[in-house]
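Undergrad: These are the residues of each chain, in order.
There are 2 protein chains.
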Amino acid sequence: MLTPKYILLAFILLLNSVPVFSQNNFGIVIHGGAGTILKKNMTPEKEKAYKAKLEEAIREGHTILKEGGSSVEAIEATLNILEDSPLFNAGKGAVFTAEGKNELDASIMEGKTLQVGAVAGVTTVKNPISLARKVMENSPHVLLAREGAEQFAKEQGLTLVAPSYFHTEQRMKSLKKVKEAEKDKKGKDGKTGFYDADIQDTKFGTVGCVALDKQGNLAAGTSTGGMTNKKWGRIGDSPIIGAGTYANNKTCAISSTGWGEYFIRGVVAYDISALMEYKGLSLKAATEEVIQKKLTQLGGTGGIVAIDKEGNVSMEFNTAGMYRASMDKEGKLYIGIYEE
Amino acid sequence: MLTPKYILLAFILLLNSVPVFSQNNFGIVIHGGAGTILKKNMTPEKEKAYKAKLEEAIREGHTILKEGGSSVEAIEATLNILEDSPLFNAGKGAVFTAEGKNELDASIMEGKTLQVGAVAGVTTVKNPISLARKVMENSPHVLLAREGAEQFAKEQGLTLVAPSYFHTEQRMKSLKKVKEAEKDKKGKDGKTGFYDADIQDTKFGTVGCVALDKQGNLAAGTSTGGMTNKKWGRIGDSPIIGAGTYANNKTCAISSTGWGEYFIRGVVAYDISALMEYKGLSLKAATEEVIQKKLTQLGGTGGIVAIDKEGNVSMEFNTAGMYRASMDKEGKLYIGIYEE
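Going down the list, the sequences are from chains A and B. Each residue of the first sequence is one higher than the one before, counting from 1 in this note's numbering. Each residue of the second sequence is one higher than the one before, counting from 1 in this note's numbering.
Everything labelled a hint here was simulated from the structure, so no lab data went into it. You may find that some hints are simply not true.
Which copy is meant is left open, so a pair is good if it fits within one copy or across any two.
[To be verified] Derived pair list, reagent style SDA-like, types lysine to any residue, alpha-carbon separation capped at 20 Å:
{"#": "1", "residue 1": "K279", "residue 2": "E289"}
{"#": "2", "residue 1": "K101", "residue 2": "Q151"}
{"#": "3", "residue 1": "K250", "residue 2": "Q297"}
{"#": "4", "residue 1": "K39", "residue 2": "K284"}
{"#": "5", "residue 1": "K250", "residue 2": "A52"}
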């Protein structure tokens, strides 16, 4: 009998069976570096290999999110796959410094707590993003560098490798090519070669991941080998919170890739969040403003991937291409390399 | 005879003799660290020594600005004086790491060009702020760390010293005191001791300077020894653009001091600029919002000095005290230590 009591009960049951949008929505976006990536320079095999690795990585993170895992867990697992691949300039595939070493940077940030962890210039840590997470969760500091960071990695029981693990033939060729090109172009100020447009593009590539989990928490992570031929213990934007990585549940999560010096000067990742929080811009409008206008006017090149608290996604870059992929709640996969 | 020609000429002469406000306005603000600085713990001699050194430093920078020098020049000269004094936790008076070393960080930023330079973890460079300026002006990178940064310092002809130059009896006592206190308070997570309110205050102190020059250009610089007992190659906020230092001719120049981890998480320096640019807040309102509300809610302690493009000044802190001084166009000097 449909007494008012039963109608109320049925209504309550109905309410509970309809998932609240914001609680169950989730999504993940990744990048594998931006630069002069042109179809004419790509072989079908190479393109296939990049796409397959991007898909493998994003599916790993997506599964974690689907099963109720945190955005931080999803990011670590996703970036570990990209770090272990020689295709990307992070972990195994890291580029060489001017001295022929591989010095790795990474950072991670949790949007709910604004907790962060970052490492710079590590040479023996297989997965720098995992070390960044340990810094966030188990240290009183937020940014650790070089030997000290490696000592902390050891204390935390992370996988350590010989520096030679990061030596790949492909990246050594890039170093030689860049050094040769710089020799020809170097001006008397020693900066000309570095800033030359023809050779700067061979230097980039970084991996990054942003995610929104079912609990409504955003997070962002970035891992890199930096720039080919970098000198004097150079640190780029990847371990710099606000430049290479930023996440805030109020606004969005961002991971940057490109010419790190400009991303530091522009405080690029936090600037996107600030435009959303203080000017009420959408994620799309804020990322366009910062990448297409502000970064471009400053002279910087690169891109970002971003996701906001509603699961909206942005993959914005001012270069010819950016390796990227996104996957939403429904499991709809997008993979892109060139401009569209 | 007052022909129209003469009237016009007189008018032009008059116009040229009246200084345009924005072109000739200038000012400088400095800090020497924030923390639990209480009058009851201070001797008259100590107070006098701090005030004298703050005055000496700010007068140096003020003279440079008055004579038409750039804000960057004024900042370097001012901070060199504070770096050379054992009173402040920067240069000569730098605190010790957990391993008994002195590892120095610094950064500088120019508001007109958004050019920046920063160094982290240097142990042999007498004046880290001067090295940060060299990085800004003579390197293709913006942030250099440790041995690499020292190699660059050597190439640039900066004054190098033995690491023992930075060893002072006073700072070694602080290290022992902090280690002793942490031993008693350390929890099983290894973080408790570090976060204990009773001992964290002995760890701070940084020097910073912001300036507006007669050309209307803002700049900011910060130099520090970091936190007493810091571990694992820890880098704080001082060399991080957007956290410890920021300058933009559109808005303001800021230098931070305090618990660096929180300044990094809050992107404190850039946040002040963003509130001015995107929400139209005044310098005073923006610095209050960020230091008294946002930083305090996050759990962070410290302060900032700031100056905007009109020469307005702010010295905001949420600790008991902050060593600070300001001097305006007219040469009016303010020196403060405690809350007022």
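Undergrad: For every hint, state whether the structure bears it out.
TA: Hints versus structure:
For a Cα distance limit of 20 Å, the shortest separation of K279 from E289 qualifies both inside one copy, at 12 Å, and across copies, at 16 Å. In the homo-oligomer, the alpha carbons of K101 and Q151 lie at most 20 Å apart both inside one protomer (19 Å) and across protomers (16 Å), since each shortest distance falls under that limit. In the homo-oligomer, the alpha carbons of K250 and Q297 lie at most 20 Å apart only across protomers (15 Å), although the nearest pairing inside one protomer, at 28 Å, exceeds that limit. Taking identical chains as interchangeable, the C-alpha atoms of K39 and K284 are never at most 20 Å apart, the minima being 26 Å within one chain and 52 Å between chains.
Proximity of K250 to A52 under the C-alpha cut-off of 20 Å is found in neither arrangement, the shortest distances being 33 Å within a copy and 45 Å between copies.
Checked against the numbered hints listed earlier, the structure breaks hints 4 and 5; every other hint is satisfied.
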